[in-house]
Amino acid sequence: MTESEAQLEQKLIERLTGLGYQPVNISSAAEFNANLKAQLEKHNHIKLSDTEFKSILNHLDKGNVFDRAKRLRDKMELSRDDGTTFYLEFLNTEHWCQNQYQVTNQITQQGKYKNRYDVTLLINGLPLVQIELKRRGLELKEAFNQINRYQRHSYGADNGLFQYVQIFVISNGVNTRYYANNRKQEFKQTFYWADQDNNLITQLEDFADSFLEKCHVSKMICKYIVLHESDKVLMVLRPYQYYAVEAIIERVKNTNKNGYIWHTTGSGKTLTSFKAAQILTQLPKVHKVLFVVDRADLDYQTSREFNYFSPDCVDTTDNTRQLVEQMAGDNPLIVTTIQKLNRAIKSQRHEVAMESLKDKRIVFIFDECHRSQFGETHKNIVKFFPQAQMFGFTGTPIFADNAASNEHGKRTTKDLFQECLHKYVITNAIADENVLKFSVEYWGKIKRKDGTLITEPKLDREFFENPDRISLIVDWIIANHNRKTHGRKFSAMLCASSVDTLITYYDTFKNKQKQGLHDLRVITIFTPGYNEEDQDANGLIGEPDFNISADISNRSHSRDKLNQFIAEYNQMYQTQHSAKDSQAFYAYYKDIAKRMKDRDRENFQDQERADILLVVNMFLTGFDVKKLNTLYVDKNLKYHGLIQAYSRTNRILGELKSQGNIVSFRNLKENTDQAVALFSDTNASEEIFIQPYEYYIEKFNDGVQELRAIATIPNDVNKLISEDDQVKFVKAFRNLIRLQNVSKSFTEFSFSDLNLDEQTFEDYKSKYLDIYDKTRSKPDDEKESLVEEVDFELELIQRDEINVAYILKLLANLQRELQTDVTSEEYQSQKACILELIGKEAQLRSKRDLLEKFIEERLPTLEPEEKVETVFQDFWTQERIEAIQQLCIEENLKVEAVNQMIADYKFSGKEPLRETVLSACNEKPKLLERKKIFARVVSKLLDIINKFDDALGELGEEE
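The number in the numbering used here is simply the position in the sequence shown, starting from 1, with 38 added.
Hint data in this document are derived by calculation from the structure and do not stem from the laboratory. In this text the structure is predicted, and so the values were computed from the model without any measurement. We put the beta carbon where it would ideally sit given N, CA and C, even for glycine. Heads up, some of the hints might be wrong.
Straight line, CA to CA, 30 Å or less: simulated DSSO-like cross-link-like pairs of lysine-lysine [to be verified]:
#	residue 1	residue 2
1	K421	K384
2	K932	K970
3	K664	K108
4	K270	K978
5	K869	K970
DEER-style ranges, computed between Cβ atoms [stated by the list, open to error]:
#	residue 1	residue 2	range
6	H595	Q551	48 to 58 Å
7	S760	R154	15 to 25 Å
8	P902	D644	28 to 38 Å
9	N292	D981	28 to 38 Å
10	R746	T954	11 to 21 Å
11	R118	Q645	42 to 52 Å
12	F913	D754	33 to 43 Å
Construct the entire structure; sequences and hints are all you get.
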């Protein structure tokens with residue numbers, strides 16, 4: 039018999055009690071508060087009056103999760119009844135084992151819904167760890183979705199104390215994951231715990247012993263949660279990040295030896311190194327910590343994050359004197375570039391100012407330490423700072439096999455940094471679902487228009503740089519780009535072998551755009567006049583070069599071309615960049631980096647996107663963008679250069695991004711296999727690359743059989759009365775959606791290969807969405823639904839091209855039919871198709887009633903000279919006004935305040951604050967009603983925005 043959820047819960051509580059947690063029964067908010075008061079008294083060795091405790095509750099009930107995380111770590115200046123001041127501690131972060139630990143279960147809170155939480159770990163009376171359990175056999179994702187529902191519905195109740203949760207744990211007994219309290223993250227951003235050798239610890243009882251042990255879970259909360267100031271969210275370190283930081287700290291405390299961390303690209307090395315630097319500054323024997331990056335990697339966000347932790351520790355200027363002053367000053371943490379550090383320690387001009395530091399214990403942390411300049415820097419640091427201790431982070435270490443010769447000889451990562459302190463390679467990351475697998479297509483033989491193939495001769499520059507060949511490749515990209523990037527929901531990069539080849543690519547794209555063959559947004563950056571030949575021959579990625587002379591007396595062809603391309607960029611994005619000197623060129627580089635990265639942000643405007651970024655060397659290493667999923671390769675790549683370039687595409691993001699796409703227009707199969715063997719193990723290909731096309735088709739067709747066993751035809755879904763049967767259907771069809779999502783990215787995909795025709799697939803999809811709509815629109819007082827906890831993954835079936843603008847184009851055609859004969863069969867058929875399409879598209883369902891109203895009531899009354907889009911916009915605007923007025927009547931709100939909240943949300947993507955909503959009320963709500971009113975108004979506001987403003991497309995008058 040399967041173990042029930044209640045049995046799993048009881049076993050966990052017994053395990054935690056054995057680990058030293060005190061069990062406590064809490065059945066009401068009053069009991070919760072009484073326990074909190076008693077625990078704070080015990081922890082602070084103090085007796086609190088009711089008045090004093092009330093002021094503590096008021097102090098705690100402020101701000102969002104991020105604000106509360108800060109408050110948790112600070113002391114409260116408590117004014118006591120006798121007039122004295124006491125500094126009350128909520129959590130001992132310095133001696134993290136010295137706190138009070140309790141475990142409780144089935145705490146009930148009444149918010150928008152009445153919710154009961156499975157197991158809660160209380161530290162000093164505050165709920166800092168929440169554990170949600172599902173019985174064995176159920177999807178872990180259901181526990182994740184349930185916590186999301188609690189966050190929406192009840193965590194704000196009873197002084198919002200559950201918003202102090204720092205870590206969530208979800209488990210079905212067999213699989214257990216943890217994650218930080220961050221509403222923005224998806225299920226893919228939850229983590230398994232592991233041991234030091236990256237062996238996963240998934241069983242709940244083993245997880246309890248290793249992760250939930252009192253001292254360890256406190257250490258994770260106190261030391262290894264990062265309060266990310268830029269995004270105002272909590273982040274918790276993954277196990278390999280934790281072991282890496284611990285290894286560095288241990289090394290610094292007990293030895294003067296160096297070391298390096300080998301963590302694969304995309305595994306969050308910058309966060310790991312940031313946390314290591316943060317903790318090292320607190321060690322008394324360390325004088326300073328220098329975090330050293332390449333100039334190309336010091337982006338706006340990294341700078342801002344470090345400056346929040348240690349004010350003014352980052353200097354992004356080229357002024358070496360500024361670094362020297364920082365080195366001589368009191369700041370314990372300095373973030374600088376490798377270029378400036380070299381100048382500071384080599385220049386005789388700065389020798390006197392730096393003299394006092396020579397014998398100090400300074401720790402240097404190098405990000406991306408595989409870069410070639412670190413050889414020279416290492417030599418200079420050792421010479422200048424005999425007491426220095428150096429640590430490097432890399433995803434692709436330099437071994438004897440992939441070391442390139444320079445004036446210092448062949449230097450490996452081990453030569454420079456001695457011992458590897460922790461290793462987490464690409465196969466570990468893929469197994470843990472921390473990065474995606476790759477889909478690699480080799481198009482070394484390009485088809486001519488007549489269907490014949492061009493055979494690829496190796497190392498023939500004339501062949502590779504031939505404009506006709508490049509034109510064929512661009513044709514292929516134009517034909518397949520939407521398929522690879524899911525209708526341009528993601529960006530792509532193209533890396534070319536040389537500046538001249540890149541220029542040919544850019545010009546070819548632009549010429550074909552002028553011919554009306556595509557409307558892709560293509561941008562580029564390169565260093566003009568840079569000789570690429572040698573770098574391309576060895577297959578490694580050269581270092582980005584930002585040095586551009588302001589002298590225009592010796593203008594090169596590539597310099598003129600760069601100026602032309604930047605001018606076209608300025609025209610496209612309304613910017614004012616140039617390449618007049620190095621500073622201006624670097625500003626252009628940073629703008630491209632920000633444009634590509636900002637696409638990851640919630641409030642990114644689509645008109646700011648770039649579809650394809652053309653590069654030679656820039657951005658191929660250390661550049662992390664989640665919304666980039668495709669790399670087109672026309673460049674010889676080998677070893678760490680190849681892995682670094684490929685890894686631009688495989689950052690985790692939602693369900694839609696199922697793999698990183700590599701399309702190679704050169705035969706790099708042998709190079710790819712060598713690189714994989716070097717940076718993981720010999721037999722790793724199956725773990726790193728997705729299966730061939732035929733595998734997914736076979737799996738899809740097997741899934742069709744399973745679906746038909748549940749509902750033989752789409753209409754049979756209507757007969758699925760029980761929730762269990764509906765859940766079975768949802769999971770079976772969701773499996774087909776996932777498989778189709780991967781299959782469609784293959785160039786050879788065709789619906790004819792599937793045992794389900796496109797129309798029947800769409801009909802099943804409609805039934806799938808019907809179930810989704812039904813579970814999302816149930817009344818507040820209705821009991822919880824099993825189906826509601828299943829993730830429908832709507833992003834996999836949402837088609838951005840099917841928006842309101844697209845429907846209006848169909849309606850314009852319908853209007854022309856209408857002028858002929860409103861009763862005609864053709865008119866009725868077209869209308870039925872449009873109504874059916876509206877019902878099938880997830881993003882149009884919220885607008886379905888209004889679109890149907892326009893089609894049935896307004897469209898037949900149009901005069902021949904009236905434009906559909908103009909009339910529709912008037913109709914839409916009026917309906918929107920009426921919806922806002924209706925909201926204001928229902929909730930007694932000020933119309934102008936509601937319009938302002940909607941405008942603010944559309945600009946920032948952030949929900950209004952409680953104070954903003956309450957100030958919009960015509961009458962101040964009673965204290966006990968405020969939370970409910972706030973939740974209800976925000977929900978209705980978001981419904982209006984979703985209905986009237988999202989998925990509209992480009993609405994404008996017809997040409």
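Practice prompt. Could you tell me which of the numbered hints above are not met by this structure, giving the numbers in increasing order?
Written response: Of the numbered hints given earlier, those the structure breaks are 5, 6, 9, 10, 11, listed in rising order.
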